[in-house]
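So you can see what is in the structure, the chains are spelled out below.
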Amino acid sequence: MASITMNNLVKKYDDGFPAVNDVSIDIADGEFLILVGPSGCGKSTLLRMVVGLEDITSGDLLIDGNRVNEKEPRQRNLSMVFQNYALYPFLTVYENIAFPLRLAKGKFSDDEIDKKVRNAAELLDLNDHLERKPGNLSGGQRQRVAMGRAIVRDADAFLFDEPLSNLDAKLRGQMRTEIAQLQRRLGITSLYVTHDQTEAMTLGDRVAVLKKGRLQQIASPRELYEQPANLFVAGFIGAPSMNFLPARRDGNTFHTPIGDIPVPEHAQGRLDSAGELLILGVRPEHFADARDVQDTPWAAKGATFEAELTHTEWLGNQQYGYVRYEQDQDIKAKLDELAKDLDADEMPAQVVVELDASSRIRGGSNANLWVNTRKMHVFDPETGLNLTRDEEAGAELTREANEERKAEIERLQRHES
Amino acid sequence: MSTKQKLGWAIAIVVVLIWSLFPVVSILANSLKPASEFAGGGGSFLPQTYTWENYQMIFTGGARDLFLPALRNSIGITLIATAVAVVLATLCAYAIARLDFPGKRIILITALAVSMFPVVSIVTPLFNVWRQIGLYDTWLGLILPYLSLTLPISIWTLAAFFQQIPWDLERAAQVDGATSFQAFRKVIVPLAAPGVFTTAIIAFFIAWNDFVFGIGLTSTSAARPVPAALAFFTGASQFEDPAGAISAAAIIVTIPVIILVLAFQRQIVAGLTQGAVKG
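Residue numbers (the working numbering), protein chains in the order written: chain B, 10 to 426; chain E, 243 to 521.
Mixed in with the good hints, there may be bad ones.
Result set (BS3-like, lysine-lysine): computed pairs, CA atoms no more than 27 Å apart in a straight line [what the hints assert, rightly or not]:
# : chain 1 : residue 1 : chain 2 : residue 2
1 : E       : Lys428    : B       : Lys114
2 : B       : Lys124    : E       : Lys428
3 : B       : Lys125    : E       : Lys428
4 : E       : Lys346    : B       : Lys21
5 : B       : Lys116    : E       : Lys428
6 : E       : Lys428    : B       : Lys142
7 : E       : Lys428    : B       : Lys80
8 : B       : Lys220    : B       : Lys341
I should point out that these hints are in silico values taken from the structure, not numbers from a laboratory.
Pulled out of the complex, with its shape left as it was, chain E reads as follows (with noise of 0.2 Å):
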């Protein structure tokens, strides 16, 4: 690379990281400031003097009961929903990548589809036929609604992954005497680890982040996520803004989703299946 093009990406990484992490040292700045810089429209960028009293709000002072019940919610639900979705993910989509049956374009066209109603279109109807059945305001009742959300898109993504994955490498382990389920768990499986990886972390961003469904199928602490609890942060006093509470749980919030990402970084290492076949 000649020095004018280094230039030229560094200006672009530049300016990329300012756009995407603006919004989140914004947060970051507003969770650190006292209730009192909210006053009269927000104040500074960065706060004049630098408070913990937030965090202390939402963990162990007066928004204690909203958020630390949502966060046990948010972290159960999601990653109920994301172990279902993953391995019932895996299960089809190495059945459309590798066997021939009737109706397999259908699946997958359905599967589309599925993802492309609007949340907000379902969650009217969904409200009411929970409430019937008793589903309103418990886990299950949102497990469900986020796996129709996670499915689609961990089944086509797997689906391509596996393509991927040298088929003779199947066949040598049948022939090395697999069933055919053996020749999955022993062969199939370790190679698709790192797909699994990604699917598991985009499924769980999903339904990490939703906040319609959250809001809309549940009425109390016993399965409100995070996104939705948030909506019903007040302030210390009525005429306090709680915007600073709000910043800090969703600072809290992000955490995870870091973490996860440093985590399975390493997982999601392309060219695996180097040396399986001639490279």
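Bound conformation, chain B alone (with noise of 0.2 Å):
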């Protein structure tokens, strides 16, 4: 049980590089805080910073208060997974589980050890495969089998390196559930990489997003996804993404390549600073077919405009239709940056816009669709600022995140006891 706390991080290759850029982040005790970003964001080598696998070329680290930059990886008390799950072929399960126990010579009786080692294996589902090898397991009993060894030992937290990018679609979700789970039940510090986003949103109490080095925000889950604080991170998190519409400002009317919508109460008064164009930053799900939002209240709360849609995907749940649009070239530039930064070739020209499962309306033809402007986002092209980020609304968020956790971990362990 440990806080880590890094203080202005900075990771330097022989080179020049900074591939870790002045980054500060305080877990508490407890907590499970995830890392992700596009790949060479710089988080796994932030992870091996705070393991102490690389070294730290200045800023402090520090674990429950006590500066550890200096200390080698077994001073540390840390335990981590690796991607590649870095299991001792030549050793059986149960050997590779006790490793670490045995390596503490005089700490642990054989008994003690054979305890913890089936505690672990019990816990993890591993009772049958104790005696095989790691190469008889499948992926996913690898995959427990150093998480086996992580916890086995009475570590401070554990880190995380991408443990499930190589296992299939189906087991990484399970994989998922049940790491959450034991990171709740344990209520031990984690620290998590990863680069795919639901990992991130679903297992973490914060989520650290980072960019070519550099922290773009930390908050929950939530506040993430509804309170971004840039371009970057509008953009990386959420799936299917954001959809970014150029939009030239005339008073209170934005004129976009798919209509005009008019400037929404939030956004009043945000936008002086910025010139007149900007990026608008709309979720597909706050699109609708016009027809199913005519006669409710969330008619008044958003604007109609029509548009052709190219084509739509029926998927039972949902549906998600396209409009492609012209492309502002005075933004085409920005946004193919953006999408660089994301780890793809260039920004769509198109909106992608969620529609109910019943909706009637089908590619090549023209809908009226509706867009709740409440929940749009206005961001300057310039800087890649959310001009219109409630803070304190999302302050709120990732409060209310951190009391869910409490009561969670309080429930569990009633549970256990």
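Fit chain to chain and form the complex, with the hints in mind.
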């Protein structure tokens, strides 16, 4: 049990490239923190700096208030699950799990080791495989052995380096749940690296989004989703991702390629610092078939426009419609740069709208669409900042998440005893 | 594989087998011939009459005092040279594969350069130096030059082998609480065992088969190895050809090599690291 504090951590390689640039994060005791970002954003490097496999160029790393920058990995008392599991192939599952205990010479008797290993195996459903070698296990089982080796020791914190990226989709979902429940049950501080935003959203108490070695935003998943700090976070969190529309403001109206949209109330007074050209961010679920909302109170909370859908995708529980538009050349470079940061080639000039599964709108036809302007974000194309971010509402969401976490840990621990 | 391909392979295998086994069979045949059959040019390929007299001669007969000490020298010197070479090369190769230190390339290049000197060009200067410092005709006097032959190739082979071992295994051990040396001993060494065996066998062969150092740096049975001793074989009388005894001795020194290969064949199992990382 421990808190981990990173103060202005920097990692520079010999060629001067800063893989991690001035990152400060506080992880509370028992918290589950996710580091997320596209490949090459420095998240794995940061994790390795915490565990001690990578030197820290500058800044301080504190575990429970003690500076550990110069300590060897074995002195930091952290345990880690590697992306490729890193199981010892010549040892049985039992000996793999017992390995950290056997290294602490004289600390545990054989009986104690046996008890601890069997406890861990019980917890991870590995009892039938204790005598097998890792080479004969399936991916999910290997993953569990790696977890067993991490939890068997009373480590101060768990570190995970993309532990699920080698599993197939179904197993990934299952292991995700298991990791979440295990962490809650043990109540141990955890730091988890992933590039998968679904894992980030479902597992984390808080999520830290990194881009090119810099921390973009750290908040609860809900806050990231509803109150993103900038274009990058808005585009990275959520699937399908947020639509970015070029808009030219003229008084109280946004002129966009898909039609005119009135400037929503929460944006008024906040846009004056930026130029005339802006980027609107709307999530697909904040669109709807205008017919579905016309007689409801929602109709007044948004704007309606007409657009031609190129095609629709019906998925059973919902339906996606696609609207193509002419990209604004002044904004294209900015959006393509954002796409590159997000590991894509270019930003397609199309809007994805989520429609009710029962909607009769089909591809190739003109449709009346409704957009919930209250949920719309407005970004400054120059700085990428979210001009309509409501800091208080965001902080409130993170506070709520924090309370929920505490309640859940209490509930689970009551359940255990 | 089609029948045609199978046939092609079978023919190729037979050709290679004949090509490589013919000399061995020839020596074996010679070792079983009585001395009389060598008179007048060697006689037929297979012996007319089979006899153990050549083997009797090298173990209990006239060549005994020449052969048995030489066999002892060969075994002792080769085993020590191999063991030292493997231990040194393992540590050296590990450092080269894993650590970043100045002069890494120089070590590798020097190792390669050393092994490029022809043995004959070294043996004369060594002869003089060894006589001055008292290493001439001693075990140590042969072990040192053998190390200069076996170390470079051992370092190169092992360095390549260590580089294939996933680095994360070692990192995992360090996070699990191991010191650098513990991680090396408990994780890397077991994983490297097949590579170490392969290297040991190569080093053993190099030292075992050496002739030039053996004949140049020894003068008595105190340190003379078998390949050199064979040159001193004489027949039962001045007029008899020693070819039979030499063949018998050659067969005897081939046996350890065959045993080694058969014994360690199992250890040299490829893919031992399967399962360590996602396969």
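Structure-based check of each hint:
1. With a CA separation close to 14 Å, the supplied pair Lys428 of chain E and Lys114 of chain B stays within the 27 Å bound.
2. The straight-line distance between the Cα atoms of Lys124 of chain B and Lys428 of chain E is roughly 23 Å, inside the 27 Å bound, and the hint therefore holds.
3. Taking the CA atoms of Lys125 of chain B and Lys428 of chain E, the gap is near 21 Å; set against the 27 Å cutoff, the hint holds.
4. Restraint check for Lys346 of chain E and Lys21 of chain B: satisfied, since their Cα atoms lie roughly 23 Å apart, inside the 27 Å limit.
5. Distance restraint check for Lys116 of chain B and Lys428 of chain E: the Cα-Cα separation of roughly 18 Å lies within the 27 Å cut-off, and the hinted pair is therefore satisfied.
6. Distance check on the hinted pair: Lys428 of chain E and Lys142 of chain B sit about 16 Å apart at the alpha-carbon level, within 27 Å; holds.
7. Straight-line distance between C-alpha atoms of Lys428 of chain E and Lys80 of chain B comes to about 22 Å, which keeps the hinted pair within the 27 Å bound.
8. With a CA separation close to 20 Å, the supplied pair Lys220 of chain B and Lys341 of chain B stays within the 27 Å bound.
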